[in-house]
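Heads up: the sequence lines are chains A and B, in that order. The letter at position 62 of the first sequence is residue 68 when you use the numbering used here, and the numbering goes up by one with no holes. The letter at position 318 of the second sequence is residue 396 when you use the numbering used here, and the numbering goes up by one with no holes.
Heads up, simulated PhoX-like pairs for lysine-lysine below, C-alpha to C-alpha not over 20 Å straight-line:
#1 A:50 / B:140
#2 A:71 / B:379
#3 A:98 / B:396
#4 B:379 / A:124
According to the in silico footprint, chain B covers these stretches of chain A (three or more CB under 8 Å from chain B):
#5 8–21
#6 46–60
#7 77–86
#8 120–130
It is worth saying that the hints were derived from the structure and are not from the lab. Glycine residues also receive a C-beta, built at the ideal position from the N, C-alpha and C atoms.
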Amino acid sequence: MTPGTFLPSDYLPIMVMLIFATGFGVVTLWVGRYFRLRRPYAEKLEAYESGNPPSPPPRFRFSIKFYLIAILFVVFDVEAIFLYPWALVYDKIGIFAVVEMFLFIFLLLVGYAYAWRKEALEWEK
Amino acid sequence: MELLWILVKILIVFGVVMLHVAYATYFERKVIGHMQVRMGPMRVGPHGLLQPIADGIKLFFKEDVIPTPADKQVFYAAPLICLISAVSSLAVIPFFEGFAIANINIGLLYIFALSSLASYGVVLSGWSSNSKYAFLGGLRSSAQVISYEIAMGLSLVGVMMMAGSLNLTDIVHAQMSSSFKIYLIPQFLGFFVFVVAMLAETNRTPFDLPEAETELVAGYFTEYSGMRFALFFLAEYIGMIIMSCIGVICFLGGWSGPFHVPGLPFFWFVIKVYLFIFFYYWVRATLPRYRYDQLMALGWKVLIPLALFNIVLTGTIKSISG
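Using the sequences and the hints given, assemble the complete structure.
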């Protein structure tokens, strides 16, 4: 096949679906504009804080734990994705697949044990 | 012509799913009501049957309050991101033999991709609202969703190994020709991890910390009202239906059943999805909410090792018997 001529026609419905979903959301919001009330006043438009006037701006510094979780997620999710192609051809590659499984999961467990040991998985110490 | 056919299919699926979302809320209130020895909605229509329609009309006409401190563009975009990723996931679900809007080879991967995209909507809404509750809710929710996504991704690897495909139709076919007919029996560990991760992914009780009313009001969508709130709500319920569908397809044999029901090829599929939805409500009425550190510990220290063990177990058994 010449490069540039491949048309992923199986994915056409997906594209239509994405457009449809976007259209649905935008159109409902847009049509609704002509029907709903609009009576804003300053107090109503404040950020909700159980009726108190909003105290210091909400974009404060937050726990470093969230960054740690995000980094661990990147590592483990990529490893999970690497398992997918392996799982799909498991039947076809025979004994190699089994050896590879133990190797890969062993490596993953080393990283996992390290994270656990360093208390990266503890929320509160 | 082909495009028209696709559109018709989309409209049918979307219409049916929207109807289910509407009545899933009614069903939820009725189930939980009766479990708590109350009646649930009774006023609108016979036995409150028109309640979801009244709710829909109310939400449509409600004032759309956009708080002054909010970051407008992002605030507008966030509910749309949630909705688009939830609705688009429907495209690959095979509801019965030969009926899926798009029968693509990477079905399962596509669903994972879209459910990851949905967490953008959550983070962005939490951030753009510029309100404390929304901010904390968004943070919590994103950390929770990404933690359980790993467990969920790993729990389905066993199914992929047995079926040898990511195509949802092929997974169902592989199950029909397997010795147990459903993967629930050989993959019970995977199923357990999947169900727990499913509850956490859709932010349902006992893992509904992002929207824990008693501490965070409504979590990341505190500042949203009217139709924008409704879009989040729709996305959450469609997400529940999608997760139920994935559970049914990967573990319970999809549209296959003990006997053939003439004229209703989707009969068994729908029954199994209803069971899952009922399970969601049953859990909600039964279990108290987790604490945040317990939630993270459960995800990282129990579910991920269990899912990995399931992969090793499946691999070993397959190569011994294979």
